[in-house]
Amino acid sequence: TQLLEQSPQFLSIQEGENLTVYCNSSSVFSSLQWYRQEPGEGPVLLVTVVTGGEVKKLKRLTFQFGDARKDSSLHITAAQPGDTGLYLCAGASGAQKLVFGQGTRLTINP
Amino acid sequence: EAGVAQSPRYKIIEKRQSVAFWCNPISGHATLYWYQQILGQGPKLLIQFQNNGVVDDSQLPKDRFSAERLKGVDSTLKIQPAKLEDSAVYLCASSFYRNTGELFFGEGSRLTVL
Chain A
1 TQLLEQSPQF
11 LSIQEGENLT
21 VYCNSSSVFS
31 SLQWYRQEPG
41 EGPVLLVTVV
51 TGGEVKKLKR
61 LTFQFGDARK
71 DSSLHITAAQ
81 PGDTGLYLCA
91 GASGAQKLVF
101 GQGTRLTINP
Chain B
1 EAGVAQSPRY
11 KIIEKRQSVA
21 FWCNPISGHA
31 TLYWYQQILG
41 QGPKLLIQFQ
51 NNGVVDDSQL
61 PKDRFSAERL
71 KGVDSTLKIQ
81 PAKLEDSAVY
91 LCASSFYRNT
101 GELFFGEGSR
111 LTVL
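Chains as they are written, first to last, in my numbering: chain A, 1 to 110; chain B, 1 to 114.
Hints may contain errors.
[As the list claims (entries may be wrong)] Listed next, the in silico DSS-like pairs over lysine-lysine satisfying Cα-Cα at most 25 Å (straight line):
1) K97(A) - K44(B)
2) K71(B) - K97(A)
3) K78(B) - K97(A)
4) K62(B) - K97(A)
5) K70(A) - K62(B)
[As the list claims (entries may be wrong)] Partner residues are not named here, just some residues of chain A that face chain B (Cβ under 8 Å, in silico):
6) E41
7) P43
8) K97
9) L98
10) F100
I should point out that these hints are in silico values taken from the structure, not numbers from a laboratory.
Glycine included, each C-beta is placed from N, C-alpha and C at the ideal position.
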């Protein structure tokens, strides 16, 4: 069974600070997705990374896929209250189903 | 483009009662998923359909949960009888491609079992 461990599980920081959240596994994934989920809503896709070492930027968010395609990170620069939410990573491998991590609950305080 | 529709949004039942959730995916999406998300956890796949066929139901508690997608479009997830530990948000998602690509989620159906 493929498992994705996210850390930290909870993070509360002040507006304007930078942060990084991690998604780790002992398994290799062909692709990895990051979703953000706000209270009362379903997750919404932020990015998909498919190549080892790949870096993608989405405004103040930077996503990196590890060289060995077993881990990923999400870095947010100058966090804003609108970034508050549950961040989920999800990995896919070949014909295997998409597996979600347990999530990082991020709170940005004004 | 209309998103994934789910109903009801909220349901409160007593243990041992039954409940059904409905999902209508995005038009043209052949793959439909039901996930269970317990508070504080990530979504766990219950069942995946490709058109009207089941692709994966390995984590579906088949003694109490059932799901169908008879015409390959909308789907129903049923729990009978419900247990306290079934309290969760039930998320429906659809995708154009199987196993890859973006999943589009509905707002979820929050179940509370008392």
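Outcome of the hint check:
For the given pair, K97(A) sits about 11 Å from K44(B) by alpha-carbon distance, which is consistent with the 25 Å threshold. The hinted pair formed by K71(B) and K97(A) meets the criterion: a straight-line CA distance of about 23 Å does not exceed 25 Å. Between K78(B) and K97(A), the direct Cα distance comes to roughly 22 Å. Compliance with the 25 Å bound is thereby established for this hinted pair. Distance check on the hinted pair: K62(B) and K97(A) sit about 19 Å apart at the alpha-carbon level, within 25 Å; holds.
For the proposed pair K70(A) and K62(B), the alpha carbon gap of about 32 Å is over 25 Å, so the pair is violated. Because the closest C-beta pair between E41(A) and chain B is about 6 Å apart, less than 8 Å, the hint holds. With its C-beta approaching chain B no nearer than about 5 Å, P43(A) sits inside the 8 Å limit, and its interface hint holds. A hinted interface residue such as K97(A) counts as satisfied when its beta carbon comes closer than 8 Å to some beta carbon of chain B; here the least separation is about 5 Å, so the hint holds.
For L98(A), the shortest C-beta to C-beta distance to chain B is roughly 7 Å, which falls under 8 Å, so the interface hint holds. Checking F100(A) against chain B: minimum C-beta separation of about 4 Å stays under 8 Å; hint holds.
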